[in-house]
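**Q** Line by line, the protein sequences are chains A and B. Quick note, the working numbering runs 2 ahead of the 1-based positions in the first sequence. Quick note, the working numbering runs 314 ahead of the 1-based positions in the second sequence.
No wet-lab data here; the hints were simulated from the structure. One or more hints might be untrue.
Listed next, the in silico DSS-like pairs over lysine-lysine satisfying Cα-Cα at most 27 Å (straight line) [what the hints assert, rightly or not]:
hint	chain 1	residue 1	chain 2	residue 2
1	B	LYS403	B	LYS437
2	A	LYS52	B	LYS437
3	A	LYS18	A	LYS52
4	A	LYS18	B	LYS437
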Amino acid sequence: MNTDEFRRLIESYGTKPANWPEHVSAEAMQFLQTSEAARQIVTIHEPLDKALDRHEVNLDLTRLDQRILAQLPAQQTHLIDQVLAWILPKPNHPSSFWRPALVACLPLVFGIAIGSNLAIGTDTTSEYVDDELLLMALQTETDIITESLP
Amino acid sequence: MVAPTEAELVQRILEGDEFAYRTVLSDQLAPVTRYVFRMTGNLTEAEDITQEVFLRLWTQADRFDPNKARLTTWLHNIAHNLCIDLFRKQSRFVPDEDIDEPASETSDPINTLMADVSGEDVKRALQQLPESQRSALVLCYYQGISNRDAAGVLEVTIPALESLLARGRRKLRRLLTESDQATGRIDEH
Numbered sequence: 003m004n005t006d007e008f009r010r011l012i013e014s015y016g017t018k019p020a021n022w023p024e025h026v027s028a029e030a031m032q033f034l035q036t037s038e039a040a041r042q043i044v045t046i047h048e049p050l051d052k053a054l055d056r057h058e059v060n061l062d063l064t065r066l067d068q069r070i071l072a073q074l075p076a077q078q079t080h081l082i083d084q085v086l087a088w089i090l091p092k093p094n095h096p097s098s099f100w101r102p103a104l105v106a107c108l109p110l111v112f113g114i115a116i117g118s119n120l121a122i123g124t125d126t127t128s129e130y131v132d133d134e135l136l137l138m139a140l141q142t143e144t145d146i147i148t149e150s151l152p
Numbered sequence: 315m316v317a318p319t320e321a322e323l324v325q326r327i328l329e330g331d332e333f334a335y336r337t338v339l340s341d342q343l344a345p346v347t348r349y350v351f352r353m354t355g356n357l358t359e360a361e362d363i364t365q366e367v368f369l370r371l372w373t374q375a376d377r378f379d380p381n382k383a384r385l386t387t388w389l390h391n392i393a394h395n396l397c398i399d400l401f402r403k404q405s406r407f408v409p410d411e412d413i414d415e416p417a418s419e420t421s422d423p424i425n426t427l428m429a430d431v432s433g434e435d436v437k438r439a440l441q442q443l444p445e446s447q448r449s450a451l452v453l454c455y456y457q458g459i460s461n462r463d464a465a466g467v468l469e470v471t472i473p474a475l476e477s478l479l480a481r482g483r484r485k486l487r488r489l490l491t492e493s494d495q496a497t498g499r500i501d502e503h
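Please construct the entire structure, taking both the sequences and the accompanying hints into account.
**A** Here it is as structure tokens:
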């Protein structure tokens with residue numbers, strides 16, 4: 003580093019090494035320790051930094067913090083995203099186990115409900131055939147008896 | 315326990331996680347408010363702009379790209395743009411002029427004057443700087459933001475940022491010594 007580079011650094015970033023860009027900081031510090039011209043540049047610019055330090059900002063942010071949180075609108079997410087977020091919560095969420103299990107059981111519950119109400123698969127046709135055969139048999143019996151009467 | 319990264323926090327905010335939002339709010343509220351206050355010089359305006367910045371964090375978190383900028387840079391960038399919008403609305407916008415201040419190589423009289431400058435004088439002088447110079451100075455000097463991040467907030471290159479800083483500091487120095495001379499403090503020395 004030379005005097006011009008050091009001057010440009012101080013003119014831009016001031017005399018506080020904490021504000022200097024990281025990649026030149028060590029080099030500039032070394033130059034400052036060895037160069038009288040660098041120390042003079044710092045002496046010229048230091049009063050401005052001291053003046054800047056007098057502009058302190060002390061704000062009570064409690065009220066603003068509460069104001070921001072109070073006016074937070076609900077997140078605008080799609081219904082499907084909300085459903086998926088409910089079914090699959092984050093891994094550390096207490097519901098992360100039972101919600102997917104509940105959703106997985108839903109088809110079974112629906113199946114049982116539908117099955118018990120509709121009674122699909124019960125063969126009722128054979129009962130009707132038997133009834134008809136019985137009626138036919140009774141009819142035939144009645145005819146024989148009727149014919150055999152004088 | 316490993317603290318979540320900025321990207322993870324923002325992802326959780328996107329999913330509506332209020333705890334993640336509160337974490338970012340507690341970290342970033344003070345620096346963002348201080349930045350806006352130093353830009354506007356007005357507490358009510360600073361609070362309104364800061365509120366809008368954090369509202370955007372909640373509603374537009376999907377616009378944050380962790381590969382492009384740090385979260386604090388992104389929030390400061392929103393705050394900066396809102397400040398510029400406000401200044402334009404109020405016709406307070408002072409564009410950056412290319413006229414350079416003469417560099418001062420003398421120290422003694424100016425240093426003596428600077429010793430009497432108060433925080434209020436600095437606040438007033440800062441308000442007289444063009445917005446880009448003021449913002450560069452506030453970001454790099456007060457906010458402790460790196461030159462790369464400050465350039466990102468202002469959307470300029472690093473050499474352009476350094477030019478803004480140098481011109482801003484020179485103008486500030488002149489304004490502060492002028493204000494001191496105007497109030498007659500030079501006579502005391």
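**Q** Are the hints correct? Go through all of them and say.
**A** Quick rundown of the hints versus the structure:
1. B:LYS403 <-> B:LYS437: Since the Cα atoms of LYS403 (chain B) and LYS437 (chain B) sit roughly 22 Å apart, the hinted pair holds (cutoff 27 Å).
2. A:LYS52 <-> B:LYS437: Given that 27 Å is the threshold and the Cα spacing comes to 14 Å, the pair holds.
3. A:LYS18 <-> A:LYS52: Holds - the C-alpha atoms of LYS52 (chain A) and LYS18 (chain A) are around 10 Å apart, at most 27 Å.
4. A:LYS18 <-> B:LYS437: Satisfied, since the Cα-Cα distance of roughly 20 Å is no more than 27 Å.
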